[in-house]
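K.L.:
One-letter residues, chain by chain:
There are 2 protein chains.
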Amino acid sequence: MIKNLLVAQSGGPTAAINATLSGIIEGALSNPSIGTVYGAKYGIQGVLQENFKDLSGIQDIKELLETLAVTPAAALGSCRYKLKDPSIDSSEFQKIIEIFQKHNIGYFIYIGGNDSMDTVWKLSDYIKANNIPDIVVVGAPKTIDNDLYGIDHCPGFGSAAKYIATTVSELERELEVYDTPYVIVVEMMGRNAGWLTAAAALAEGANSNVPYLIYLEEHPFDMNDFISDVRGELSVGKDVIVAISEGIKDRSGKMICDYAERDQAKDAFGHTIATGAGRVLENAIRANIGCKVRYIELNLLQRCAGHLLSETDITESRELGRNAVKLAVECRNGVMSTLTRLPGDEYKVVYGAADISGIADREKKVPEEWITSEGNGVTEDMINYLKPLIQGELSCKYENGIPKYIVL
Amino acid sequence: MIKNLLVAQSGGPTAAINATLSGIIEGALSNPSIGTVYGAKYGIQGVLQENFKDLSGIQDIKELLETLAVTPAAALGSCRYKLKDPSIDSSEFQKIIEIFQKHNIGYFIYIGGNDSMDTVWKLSDYIKANNIPDIVVVGAPKTIDNDLYGIDHCPGFGSAAKYIATTVSELERELEVYDTPYVIVVEMMGRNAGWLTAAAALAEGANSNVPYLIYLEEHPFDMNDFISDVRGELSVGKDVIVAISEGIKDRSGKMICDYAERDQAKDAFGHTIATGAGRVLENAIRANIGCKVRYIELNLLQRCAGHLLSETDITESRELGRNAVKLAVECRNGVMSTLTRLPGDEYKVVYGAADISGIADREKKVPEEWITSEGNGVTEDMINYLKPLIQGELSCKYENGIPKYIVL
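Listed in order, the protein sequences are those of chains X and R.
Start counting the first sequence at 2; every next residue gets the next number (the numbering used here).
Start counting the second sequence at 2; every next residue gets the next number (the numbering used here).
I should point out that these hints are in silico values taken from the structure, not numbers from a laboratory.
Note that the structure is a prediction, hence the values are computed from the model and not measured.
Careful: at least some of the hints might be erroneous.
Note: identical chains are not told apart, hence a pair may lie in one copy or across any two.
[As the list claims (entries may be wrong)] Each computed DSBU-like pair below joins lysine-lysine, with the alpha-carbon atoms no more than 30 Å apart:
(1) Lys239 with Lys83
(2) Lys96 with Lys129
(3) Lys366 with Lys54
(4) Lys365 with Lys83
(5) Lys349 with Lys398
(6) Lys293 with Lys85
(7) Lys4 with Lys63
(8) Lys349 with Lys327
(9) Lys405 with Lys83
(10) Lys405 with Lys293
Go ahead and model the full structure; you've got the sequences and the hints to work with.
P.N.:
This is the structure:
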């Protein structure tokens, strides 16, 4: 029985979420059990609004899929919409199923992170509980945060990690230009997990012996220890790279960025000045050590850099998409497409499925044993885990000197 | 008569200053009139301290020069040291000449921006005024700010412009992800010239019809006009890119970033919170329009991105280095190596020399006629000027997924 496939994207954009979309469209178009391939715009919200786009009919689809695979951010659009608990209010679930049946959709693949996997869980559970026939819901992972359970590492993380390691190695060149002490504080995304920040360690030692001090959000941050760490490094060398997670907290659990006391910091128009943890650290270095210091917030740039992708990440993200189609056609309702790293010296992964119930709404933190006992660096095990994920360089295509991206 | 050549770098780092250094070393090594090629560490300060490095003796020099040409920041180090006026105190000049004579240096090439060309001017003038024989001083230009007189555009600017246009086109992908109004404010370097900010215009329309509002530091900034510009765009579409120079000022000449009233904005440790003009604009949008808004400061990243270079820029920067050697050997004391754009539809440049006296200590601003009358965009003439400078993609080399840069 031929059924149609619907795909949607959700959560924060990454540089690889479109590679997975590309893999899904590829897999679906070449699968004889699948009829039309639809994309819902703006995630589950677009599903509820029947905001569909027919992706099967696109001209020059092969070429488009290649460009789509290296286009950052969600080409179908995204949302941050959480479905209501069906045991309290199942009306949204009923509506979704009606829409699926109306369009003969037998396969729904949702690409996203923790919250999106919650949607996959609830929807696949609702289908099981109500014995709804011929509808399969499968999750496809993505998040630069790398905090999903059920998978060795997350699609999108490798490219963000490569962007971070590359950028930090370039800031290291800046640091060495003057003959006076200089500290650069780089702030990475990650309110709840420090994986991205740890990626800075990949650049340490590659081009010079500038020391890196790395503070992940999993380890309590102490301002006195920090100043003493920086002072220690400056007593033997002239430059330090400081890499921090935006979400670093002190022992009491207070966010370091909240030390900026937003209530008191207002501009001349009476508006609050928001600031990051890195600014607080920059100020502390200036006040306590007095050397040259600069705060760099990588911000959105670390997740949308289509011009600097990890080939490993994009290849895997695309394959996870193809694998999600395979799982859907095999009627694996309620699983997430996943990959497992094989043991051994050579980096190899295999693709499979993970039960969605163990994944949704949980965050995989950096294990404490991968952080040094001083809390200002990461261990060799962490480096070994990260290194394969940034291998290989892939870039967007350019037209007249400007990236050519796909807009669906 | 064989003389040695000394080269040094000065001012703020760029992604292309090492390409010029590479061209100078190349040109000097292949010139029979030149003996040893020395590099002074940390600019003119290093000259005064005789902190020299013999660059002729480096092994595998050919391969090194290729890598050096795509290594960002100043491989010899830099300084921001201004020589004293020789009519008041000529002791530094005497010392420099003595050092040159001691090391048989007949050619001194100084790579830098406005301030560095001031050094070239004073030093070459001192040599002329005192009839010092056999020492030639030549300037080689660089600055991402593109504000040097005597040259069509500055080495380093094209790569920074390409980084900006690329990054903005990626932020545009971010903007389009959600179905709600969203403004991204991107702040570019440029306290005294808006060239870099204008480069954002190169990305407009390349991938979608998201409107760009562009405010250069040359045009007085009015907050009411700004809010009305953004409101106007949001009345017809859902997204806006705002590109601003860090140095935008209001009609009275007050910097917009100073509206953050730094005195009042302090963190919990009692330290002032510095902030950029973009933060002030972000706050104003949030308070007056209330839509989603995000402030991105490109900061140092726009001048050190060795992973994303303009091929045109690197090729020209290197050639300007070779040309500087040629000028030195021709005894053109007191000139800057320069390039001129030829008239006609096809982009072509020729290399030559410009008298240093008309260049030092002056800043070339964006002409008012290249800014739209509303002050929120640039004209077609500006686009035509900028476009050739970002053509072609060049990247650093990678080793194990990390950029491989040259440390001298």
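K.L.:
State for each hint whether it applies.
P.N.:
Do the hints match the structure? See the list:
1. Proximity of Lys239 and Lys83 under a CA criterion of 30 Å is satisfied inter-copy only: 23 Å between copies versus 49 Å inside one chain copy.
2. Proximity of Lys96 and Lys129 under a CA criterion of 30 Å is satisfied intra-copy only: 16 Å inside one chain copy versus 87 Å between copies.
3. In this homomeric assembly, Lys366 and Lys54 never come within 30 Å of each other (Cα to Cα): the closest approach is 37 Å inside a single copy and 48 Å across copies.
4. For the homomeric pair Lys365 and Lys83, the shortest alpha-carbon distance inside one copy (20 Å) is at most 30 Å, but the shortest distance between copies (53 Å) is not.
5. Proximity of Lys349 to Lys398 under the C-alpha cut-off of 30 Å is found in both arrangements, the shortest distances being 28 Å within a copy and 25 Å between copies.
6. With identical chains, the CA atoms of Lys293 and Lys85 are at most 30 Å apart between copies only, with a shortest distance of 24 Å across copies and 51 Å within one.
7. In this assembly of identical chains, the alpha carbons of Lys4 and Lys63 lie at most 30 Å apart only when taken from the same copy (22 Å versus 61 Å across copies).
8. Proximity of Lys349 and Lys327 under a CA criterion of 30 Å is satisfied intra-copy only: 20 Å inside one chain copy versus 54 Å between copies.
9. Within a single copy, Lys405 and Lys83 get their C-alpha atoms no closer than 33 Å, and across copies no closer than 44 Å, so neither meets the 30 Å cut-off.
10. Proximity of Lys405 to Lys293 under the C-alpha cut-off of 30 Å is restricted to the inter-copy arrangement: shortest distance 26 Å between copies versus 39 Å within a copy.
When each numbered hint is compared with the structure, violations occur for hints 3, 9.
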